[in-house]
Amino acid sequence: MKDWLIIIGLLLLLAAMLAVSLLAGRVWLPAADVWRGLWAPRGDLAAIIVTQLRLPRAVLALEVGAALGLSGAVLQGVTRNPLAEPGLLGVSSGAALGAVLVIYFGLATHFAAAAPMAGLAGALLASMLTFALGSGGGTITLVLAGAAVSALAAAGISLALNLAPNPYAAYEIMTWLMGSLVNRSWMDVALVTPFILFGGALLLASARALNALALGEAQAQSLGIDLRKLYALAVFGTALSVGAATAATGAIGFIGLVAPHLVRPLVGHQPSRVLFPAALAGALLLLLADVATRVIPVGSELKLGVLTSLIGTPFFFWLVVRLRKMAP
Amino acid sequence: MTQLDAANIFVRRGGHVLLDGVSLQARSGEFVAVIGPNGAGKSTLLSVLAGLLKPDSGSVTLDGNSIAGTSRRKLAQRRAYLPQNPRCEWPIAVERLVALGLTPILPAFGGLPAGFAVRISAALEACDLKQHRSQPVTTLSGGELARAMLARALVGDPDVLIVDEPMAGLDPRHALDTALRLRNLASEGKLVIASVHDLTLAGRYANRIFALRDGSVQGDGPTASTLTPELIRRAFEVQACVSGSGGSLFVDYVGP
Chain A
0 MKDWLIIIGL LLLLAAMLAV SLLAGRVWLP AADVWRGLWA PRGDLAAIIV TQLRLPRAVL
60 ALEVGAALGL SGAVLQGVTR NPLAEPGLLG VSSGAALGAV LVIYFGLATH FAAAAPMAGL
120 AGALLASMLT FALGSGGGTI TLVLAGAAVS ALAAAGISLA LNLAPNPYAA YEIMTWLMGS
180 LVNRSWMDVA LVTPFILFGG ALLLASARAL NALALGEAQA QSLGIDLRKL YALAVFGTAL
240 SVGAATAATG AIGFIGLVAP HLVRPLVGHQ PSRVLFPAAL AGALLLLLAD VATRVIPVGS
300 ELKLGVLTSL IGTPFFFWLV VRLRKMAP
Chain B
0 MTQLDAANIF VRRGGHVLLD GVSLQARSGE FVAVIGPNGA GKSTLLSVLA GLLKPDSGSV
60 TLDGNSIAGT SRRKLAQRRA YLPQNPRCEW PIAVERLVAL GLTPILPAFG GLPAGFAVRI
120 SAALEACDLK QHRSQPVTTL SGGELARAML ARALVGDPDV LIVDEPMAGL DPRHALDTAL
180 RLRNLASEGK LVIASVHDLT LAGRYANRIF ALRDGSVQGD GPTASTLTPE LIRRAFEVQA
240 CVSGSGGSLF VDYVGP
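Chains as they are written, first to last, in numbering that gives the first Met the number 0: chain A, 0 to 327; chain B, 0 to 255.
These are calculated hints, taken from the structure and not from any lab test. Here the structure is a predicted model, which is why all the values come from computation and not from measurement. Treat the hints loosely; a few may be bogus.
Derived DSS-like pairs (lysine-lysine); straight-line CA-CA distance at most 25 Å [said to hold, decoys possible]:
| no. | chain 1 | residue 1 | chain 2 | residue 2 |
| --- | --- | --- | --- | --- |
| 1 | B | Lys129 | A | Lys1 |
| 2 | B | Lys129 | A | Lys228 |
| 3 | B | Lys73 | B | Lys53 |
| 4 | B | Lys73 | A | Lys228 |
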């Protein structure tokens, strides 16, 4: 199938999903009101709901989903491991720890950019630690290094919870960790957009090197690929985009794992051609999940990160079973 | 005319000397078989010659220019390298795998230029892979995969081809087929350097033997005068009997 057909198809689905996400919620809005609210914001209730609540939330979902899908595709290409994703390599946990520390010390209330910056720093440290520990020893070592870094970050988060000055702070950290897009404003969008765009550009720049790396490190090097540059693009691109995304929404797992797998067979498995469609698929998945949290009738609103984990884990099981079948 | 020179190469790793002052001058038209027992330093030497491993001392030059001072991309345009048991990690189509060989000459942006499709087809044809063109690489047999990797290495039309154990793990027919291909490439004017375990194949198809043991050179010269029982005893510590010559040369191991 032609790549542009797949991209157009995904964009159409994304547009449809975006429309649904503007209509759906505790209050279902008529399409006419949404349309009017978008173009002539006169300050009536529908217009406020659409432009101040649902649209920034949807845009944030698009950006975060795209960042997760794209970084998942790049990390799977770099590690040549279909199980790789930002979460598995400790990037998400590192970002979560950074943001949790900021919440814990109450910095986020003084300085709005503190959470994304801390998330970024945490993601950067975690990914550098993972690659320093695990690169050069094959993909299994890298995944193990990611697990170790995740465990370290999880220990830090537990410590913050343990020492939380009051139950309210602990509760705030807990809910934040579950991942959510509720009450996100244009301010949040503005904070994370530059990081996600720049990180995304770095990730996309790794495309051609990823193709050559399919042949292994020795052959990629012999083809003129600078492996250190490739790893730097992957590490910094992931840290920037996923770090900022996690700081804005909390930890959202499995989008980065699932999105590349959904599009990979459509583009003939070539790593470079997976990247952009994986970003679109990630955006689509997260938007879909966010709409689902709003329309699934449970007592309190379902947390986004909880939902993606509930849906993503069976997929993870399926992937492991498939890998076991393929193993000799 | 291509000239690849390695002068006085030393490589040490963790207190072990892997290459102990190895020198080699090779030029186009030669098929150099690098022979030696396990751990002799064959793979290390090939990595150094390919410019992938920087020696602790000594230099490698391609047509007089140091390869350490040549950009990766420039070097990749002139020499192709295949490691032992090359693999492809994703089930991409065979033609896509072969196209990866064009990575060093791709323009900075955009897809595959139209003229490149012709080169890919030619490489597929030269390696008898036409009917496997759109088959996923991961479903190829061992012999087919070896041919696909060779096509990947040849599609960029390199002057120097460095291959680590191209015949390892292949059945007799595919091993013969690969050896013949390498010899034909040398006859066409390329410089082929390959490590070979099967001395009979090396003796029949390579026109030059380069023997290593414990990182030092045991013998280097035209196959007929170099591949002798004395050399084999020196390099491998086995009694061997070399009979026939040229295409009917045969190496048999008599005893330790």
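Given the hinted pair B:Lys129 and A:Lys1, is their alpha-carbon gap at most 25 Å?
-> holds (22 Å)
Would the pair B:Lys129 and A:Lys228 pass a check requiring their Cα atoms to be no farther apart than 25 Å?
-> violated (35 Å)
With a cut-off of 25 Å on the C-alpha distance, tell me whether B:Lys73 and A:Lys228 pass.
-> holds (17 Å)
Take a quick look at whether B:Lys73 and B:Lys53 sit within 25 Å of each other, Cα to Cα.
-> The hint holds at about 17 Å.
In the structure shown, a violation is registered for the earlier hint numbered 2 alone.
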